[in-house]
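Participant: Residue numbers (our numbering), protein chains in the order written: chain A, 2 to 197; chain B, 13 to 285.
There is no bait here: all hints are sound.
Derived contacts from chain A toward chain B, CB cut-off under 7 Å, selection only:
(1) Phe62
(2) Asp63
(3) Ala70
No lab work stands behind these hints, which were simulated from the structure alone. Yeah, the Cβ is synthetic: ideal placement off N, Cα and C, and Gly gets one too.
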Amino acid sequence: VDGVVVVAEKVHGSRMMEPSSGQRCHAVDKQAGVCIAGHLPDGRSLVTDLRQDCAEERANFDTPMRGAALAHRLGSRMHQNTANGWYRPYGVSMLVASYSDDGPQLQVVDPSGTALGYYACAVGHGKTVAKTHLEKIDFATVTCREAVAKAVEIISEVHEAKHKTWNIEAAWVCDESKHKFVHVPADLLPPPNTKA
Amino acid sequence: HSFCTLLVVSVGSDMDYYGNGAPRVHGKAMRSNNVDAVDFPAIPTPKGHGPIQHQWSPYDDNGGTAAAVAGKGFVIVGADTRLNGNFNFLSRDDGSKLHKLTDTTILASTGMQGDRLQLQKVLEHRITWYEHTNGKPPKTAALAQLLSTVLYGRRHFPYYTFNIVAGLDANGDGVCYSYDAVGCTEPLNYGTTGSASSFIEPLMDCLIRKPNQRGAGGTVQAPADMTVDEALEMLKNAFTSAAERDVHTGDSARFYILTPEGCREEVLPLRQD
Chain A
2 VDGVVVVAEK VHGSRMMEPS SGQRCHAVDK QAGVCIAGHL PDGRSLVTDL
52 RQDCAEERAN FDTPMRGAAL AHRLGSRMHQ NTANGWYRPY GVSMLVASYS
102 DDGPQLQVVD PSGTALGYYA CAVGHGKTVA KTHLEKIDFA TVTCREAVAK
152 AVEIISEVHE AKHKTWNIEA AWVCDESKHK FVHVPADLLP PPNTKA
Chain B
13 HSFCTLLVVS VGSDMDYYGN GAPRVHGKAM RSNNVDAVDF PAIPTPKGHG
63 PIQHQWSPYD DNGGTAAAVA GKGFVIVGAD TRLNGNFNFL SRDDGSKLHK
113 LTDTTILAST GMQGDRLQLQ KVLEHRITWY EHTNGKPPKT AALAQLLSTV
163 LYGRRHFPYY TFNIVAGLDA NGDGVCYSYD AVGCTEPLNY GTTGSASSFI
213 EPLMDCLIRK PNQRGAGGTV QAPADMTVDE ALEMLKNAFT SAAERDVHTG
263 DSARFYILTP EGCREEVLPL RQD
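With the hints as constraints, model all of the structure from the sequences given.
Facilitator: Next up, the structure:
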């Protein structure tokens, strides 16, 4: 209610990999950011495009891009790759979190280009279980701090690859972060699991 | 604004500006610095001059004046309805200088009517698409920035328009953005543009902002805090005075008075000479 939280579970290929690399949550403007679910390079390319879109909006209208507009722009981009013979669809779902003058918004855009707004959503292998847990949250009153804790709990529960090293990357845009899309302070997250 | 002026080239370096000097021999071209003189056929030229080049200009100034005053909870924009041609009137009743962009923003422009109408169309198009994408009309600040970008987009063949974007800001108070032809802008309390702008601008400086002014006994003057009616009367008087002295301003002035409640229109008849 006071912002949006996006959390990603990062499973690392090996213990040699640096935990902070393979970043999933990226800011596209001060007030908005995305969490990439799927093929990271496809996601990165979309992040770059979104950044240009947001910058254009500020250059032309001196206003931060609204969440719904941003999601629709992303949706059209992703849709173009489904309707043109030369291209393959983007292999990502993007969770778009924004807090502009249309309030906190969470939109999820899938490879078909469908952009839908959510109170809460989960994407990935554990999404069914995760969604069941998410439905129990009272969205009228939950704060972002509480939401981070809940999301971490849910992700820990659905985490399957117990033998691999993994950690959690989380970002938010909320009143507490002064409407800036930034990574959640490290003290709110559990320490990364480094067991092989 | 000195703009794309008529380009006249006169060749003949052995004479002064008025054509006095060594007479040219018709039929012989002038020696230039690096090229040997060649015998060209005689070009018919006025006596004492070399070839004169004339240049067509895409621009026209249709004259007229616009002014706007903003205050707490209102903004008033006014413009005269005279359309000027070359030493004649094209219309006494042309309302194109004022244009409502949204319920909270009005565009006032002077300069060339052709570019003005086109600019209005371009902005309407951009606003329509903004409404499609965002589900609501753009705010005054957003439109102000948009106009700046649109004008600069034509930096190398500018719109010959001198604009004011006047509207209500997010708090419902008035704001005026004045522009030059290529989009330089600034939000202020008031703005003037057009052929009589040099008459009205200092008048408004004196009555509204009062910079560097002193009252009797050397007291510092604070900026005026006008009500809607005071501002409207002041603007009406400004236009009346402008019509007295500026040949291009007159016939009538139309005012839009914009408040959070809506937009009201008034017409003031002006001198017709």
